[in-house]
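K.L.:
Chain residues, written in single-letter form:
Protein chains: 2
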Amino acid sequence: MENAPHIQTESIPLEDSDNRILQEPVIAHHAIPLFDKSPYDGFALRSVDTNNATKDKPSICEVVDHIGAGELPAKALEKGEATRIMTGAQIPEGADCVVMFEKCHAYEKEHGSYISLDSPLEAGENVIEEGQEVKKGETLIAEGTLINPGVKAVLATFGYKNVLVAKKPLVGIIATGTELLDVDEALEPGKIRNSNAYMTASQVLRAEADYIYIGKLADDLENSFQTIEDSLEKVDILITTGGVSVGDFDLMPEIYHKLSADILFNKVAMRPGSVTTVAKIDEQILFGLSGNPSACYVGFELFARPYIQSMLGVKTPYLQHVKATLAEDFPKQNPFTRFVRSFITYGINGLSVQLAGMDKSNVVTSLAHTNCLMMLPGNTGNYKKGDTVDCLLLENVNGQQTFQ
Amino acid sequence: MENAPHIQTESIPLEDSDNRILQEPVIAHHAIPLFDKSPYDGFALRSVDTNNATKDKPSICEVVDHIGAGELPAKALEKGEATRIMTGAQIPEGADCVVMFEKCHAYEKEHGSYISLDSPLEAGENVIEEGQEVKKGETLIAEGTLINPGVKAVLATFGYKNVLVAKKPLVGIIATGTELLDVDEALEPGKIRNSNAYMTASQVLRAEADYIYIGKLADDLENSFQTIEDSLEKVDILITTGGVSVGDFDLMPEIYHKLSADILFNKVAMRPGSVTTVAKIDEQILFGLSGNPSACYVGFELFARPYIQSMLGVKTPYLQHVKATLAEDFPKQNPFTRFVRSFITYGINGLSVQLAGMDKSNVVTSLAHTNCLMMLPGNTGNYKKGDTVDCLLLENVNGQQTFQ
Chain A
1 MENAPHIQTE SIPLEDSDNR ILQEPVIAHH AIPLFDKSPY DGFALRSVDT
51 NNATKDKPSI CEVVDHIGAG ELPAKALEKG EATRIMTGAQ IPEGADCVVM
101 FEKCHAYEKE HGSYISLDSP LEAGENVIEE GQEVKKGETL IAEGTLINPG
151 VKAVLATFGY KNVLVAKKPL VGIIATGTEL LDVDEALEPG KIRNSNAYMT
201 ASQVLRAEAD YIYIGKLADD LENSFQTIED SLEKVDILIT TGGVSVGDFD
251 LMPEIYHKLS ADILFNKVAM RPGSVTTVAK IDEQILFGLS GNPSACYVGF
301 ELFARPYIQS MLGVKTPYLQ HVKATLAEDF PKQNPFTRFV RSFITYGING
351 LSVQLAGMDK SNVVTSLAHT NCLMMLPGNT GNYKKGDTVD CLLLENVNGQ
401 QTFQ
Chain R
1 MENAPHIQTE SIPLEDSDNR ILQEPVIAHH AIPLFDKSPY DGFALRSVDT
51 NNATKDKPSI CEVVDHIGAG ELPAKALEKG EATRIMTGAQ IPEGADCVVM
101 FEKCHAYEKE HGSYISLDSP LEAGENVIEE GQEVKKGETL IAEGTLINPG
151 VKAVLATFGY KNVLVAKKPL VGIIATGTEL LDVDEALEPG KIRNSNAYMT
201 ASQVLRAEAD YIYIGKLADD LENSFQTIED SLEKVDILIT TGGVSVGDFD
251 LMPEIYHKLS ADILFNKVAM RPGSVTTVAK IDEQILFGLS GNPSACYVGF
301 ELFARPYIQS MLGVKTPYLQ HVKATLAEDF PKQNPFTRFV RSFITYGING
351 LSVQLAGMDK SNVVTSLAHT NCLMMLPGNT GNYKKGDTVD CLLLENVNGQ
401 QTFQ
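So the protein sequences, as listed, match chains A and R. Mapped onto this note's numbering, the consecutive letters of the first sequence carry residue numbers 1 to 404. Mapped onto this note's numbering, the consecutive letters of the second sequence carry residue numbers 1 to 404.
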C-alpha cells in the first residue's frame with residue numbers, strides 16, 4: 001500500500017458518475033433554501049396582523065397575490081394582506097409567517113378573496129429560513145466519497161454539470177498455463193477452461209477499475225516474457241494468474257528476474273493464496289496470483305483490491321471486518337491463517353456465516369456463493385456452530401481505513 | 001408486487017454479464033475434476049509397489065514419464081514405474097497414488113531417473129478423484145442469482161460462452177414542476193435545480209435497470225399529458241417526480257384520470273413519501289413519486305426498487321431488514337411510520353446506525369450520506385443512544401424475499 005501512486009483525475013459528466021470516487025469536495029455554491037420559503041400549501045402573511053385573533057373575533061386578511069412553486073411573489077405585503085402560496089415557493093416581502101389551508105377559512109366577498117384566522121401566528125411560523133439547511137460555502141461532501149444516488153442529487157442541486165473523479169486504473173489480465181482452454185473450446189483430456197481471467201476481470205470491475213484481457217500464455221518463457229513486457233506499457237497494473245508456484249513449468253519467477261522486478265513478497269503464510277507474489281517495476285505493480293481459482297480469488301481481494309481502491313482515492317480501501325455467528329460446525333484444523341470462502345447473511349438476529357461450499361482450494365463452485373471470507377487464525381480448528389468468527393465482507397460498498 | 005409482469009430474457013456474452021440476473025440454472029456439463037488428478041507437484045505411482053517400504057529398505061521406482069499441467073500421460077505405468085507429475089495434471093493409467101517431491105528421494109543413476117520411498121502409500125492417497133467436487137449434471141447455481149465474480153468463474157468453467165439473463169427493464173424518468181432548472185442553468189429567484197431526475201436515474205441503475213430521462217415538464221396539463229402518454233409507448237416503467245400532492249399546480253391526479261389509469265394507491269401512511277402514487281395502465285406501472293427529494297428517494301426505494309427487482313427475476317426483491325444499535329439520541333415523535341435517512345456502519349462490535357443529516361424531508365444533503373433507512377413505527381419517539389432499531393439496507397447486494 002505504500003507503493004500506491006498518485007491518484008489520476010478526470011472531469012466527467014454528472015450523469016455518468018455513478019460509483020465513481022469524488023476527487024473534489026462538494027461545496028455549497030449557494031444557501032439552501034436560497035430564500036425564505038413555505039413548507040406547506042397555504043397563505044403567507046404578517047404575524048403582526050394576527051396578534052389579536054380569537055375564535056370570537058378572527059383576524060381577516062385580503063388575499064392579494066398567488067404564488068406557485070417556481071413563481072415569484074408579485075407584490076410585497078402591506079398591512080392586512082396575505083398571499084396564497086404553494087409548497088416550496090418564496091415568502092413575499094413583508095410576510096413573516098405561513099398558515100396552512102386547513103388552519104384558516106378562505107372565502108370570497110365583493111370581488112375580493114379573504115382569509116380569516118382564529119388564533120395568532122408567530123413571526124417565523126411555518127417559514128423555512130434562507131440557509132437553514134445549508135450555508136453558502138459549506139463543504140457538504142468530502143473528496144474520496146463514492147458517488148451514490150444521494151451524492152448525485154447534491155451535485156445536481158449545486159450545479160455540478162461535470163464532476164472531478166479519480167480515473168479508473170486500467171488493469172491488464174494475463175492467464176498463464178498450457179492447460180487452459182478458451183470458454184468456447186470443447187474440453188480435451190488434461191485441460192480445463194480458463195475461468196480465472198473471467199473471474200479476475202469481474203473482480204476488477206467490482207473494485208471499480210477497468211480491465212483489458214491480454215490473453216492466455218502457454219508455458220513458454222521467451223513468448224511469455226515478451227508479452228508481459230509489452231503489456232506493462234499499456235496498463236497501470238498487471239495481474240497474472242498461474243505460473244507462480246515452483247512447479248517445473250512455472251515461469252513467473254524467471255520472468256520477474258528478467259524484468260529486474262523488485263519482488264515485494266512472494267509467499268504469504270495463509271491458505272489459500274500462499275503463492276501470491278507482488279512485484280514492482282519502477283512505479284508499476286505486478287500481482288502474480290495463483291492459478292488455482294480460489295487462491296486467485298482470495299489473493300485478488302486481499303491484495304489487489306485495496307491497492308486499486310487506494311489508486312481511486314478511496315479513504316477506506318480495505319475489506320470491511322465484521323464479527324458473525326457461525327451457523328455450522330467447522331472442525332478442520334490448519335497451521336496457517338485461513339480465508340475461508342463463506343456466505344454471510346444479514347438478518348434481524350444479526351450476522352450469520354456459513355461455508356460457501358466444500359473448503360478445498362480447487363473448488364471453483366464454492367466461489368459462486370461466496371460473499372465474505374471467514375478469517376481463521378493459524379493453528380485453530382474445531383469451530384462450533386454459535387461461535388463468533390471474523391469475516392471480511394466482499395460485496396459492501398464501504399471498506400475500512402486499515403487492515404486489522 | 002402482484003402486478004409484476006413476466007420476466008423478459010436475453011442471451012448475452014459472459015464477459016458482459018456482471019451484476020445481471022441469471023435466468024437459467026447453471027448445470028455441470030461435466031464432472032470436476034474431469035479425471036483423477038494430482039493435488040501436488042510430485043510423482044504418481046502404484047501404491048502396491050510401496051507396500052513394504054521402510055527406512056531401511058526403501059521402495060524404488062523408475063521415473064518413466066513427465067506430465068505438466070495440461071499435458072497428458074504418455075504411458076500407463078507398469079510394476080515399479082513412476083511418473084513425474086505437476087499440480088492439476090492427470091494421473092496416468094496404472095497409478096493410484098501420488099507422493100509429494102518433499103516426501104521422497106529422487107536421483108539419477110545409469111541414464112535412468114529413480115525415486116525411493118521409505119514408507120508405504122495407500123491407494124487413492126493424494127489423488128483428487130474424478131467428480132469429487134462436482135458430478136456431471138448437478139445444478140450448481142439456481143436461476144435468479146446475481147452474477148458475481150464467482151458465478152462468472154463457474155460459468156466459464158462449464159463453457160457458458162453466452163448466458164441467459166433477465167432483460168433490464170427500461171425506466172422512463174420525467175421530472176415535473178415549473179420551478180425546475182437544468183443542472184447547468186444559473187439559479188433564478190424562486191427556482192431550484194432539478195436534482196430528482198439525476199438521483200432517480202442513479203437509483204434505477206443501482207436497482208440494475210436501465211433508464212431514459214424523458215425531460216422535465218412545466219405545470220401545463222395538455223403538454224404534460226401528451227408527453228406522458230407518448231412516453232408510455234417507449235418504456236417498461238414510467239417514473240414521474242413531483243405533481244402528486246394537492247397543490248393548485250399539481251397535475252398528476254388529472255393526468256392519471258385522463259389516462260384512465262387504475263390508481264393502486266395514492267397515499268401512504270408514512271413520512272417522508274406520503275404522497276407516493278402508484279397507478280396501472282394495462283400491464284404497465286406508473287410510479288408517481290413526490291417532488292420533494294427525500295420523499296422521492298424513499299418512495300423509489302420502498303416501491304419502485306422491489307418492483308424492478310422482481311421484473312429482473314430476483315428472488316429477494318425487498319430491501320434487507322436488519323437490527324442496529326442507535327448511535328445517538330433521536331427524541332422526535334411522529335404519528336406516522338418513519339423511514340429516516342440514516343448511515344449504518346458495520347464494525348466488529350456489530351451494526352451501528354446514526355442519522356444521515358438533518359431529519360427534514362426537504363434536506364437534500366442528508367441523502368448523500370444515506371446508506372439505510374431507519375424504520376420507526378408510528379407514534380414513537382424519544383429513542384435513546386443504545387436502543388435497538390430496525391433498518392433497511394440500501395447498498396447491499398442481497399435483499400429478502402418478503403417485506404416484513
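A couple of the hints might just be wrong.
Note: identical chains are not told apart, hence a pair may lie in one copy or across any two.
As the list claims (entries may be wrong) - Below, a list of computed lysine-lysine pairs in the BS3-like style, where the Cα atoms sit at most 30 Å apart:
1. K258 x K135
2. K75 x K323
3. K384 x K135
4. K75 x K280
5. K315 x K385
6. K167 x K55
Source of the hints: derived by calculation from the structure; they are not laboratory data. Just so we're clear, the structure is a prediction, and the values are computed from it rather than from any experiment.
K.L.:
Would you mind marking each hint as holding or not holding in the structure?
P.N.:
Hints and how they fare:
1. K258 x K135: neither (59 Å within a copy, 43 Å between copies)
2. K75 x K323: neither (62 Å within a copy, 52 Å between copies)
3. K384 x K135: between (54 Å within a copy, 29 Å between copies)
4. K75 x K280: neither (71 Å within a copy, 43 Å between copies)
5. K315 x K385: Between copies only: 27 Å across chains, 35 Å inside a chain, cut-off 30 Å.
6. K167 x K55: So K167 and K55 fail the 30 Å test inside a copy (66 Å) and across (62 Å) alike.
Violated hints, listed in ascending order, are 1, 2, 4, 6; each of the other numbered hints is respected by the structure.
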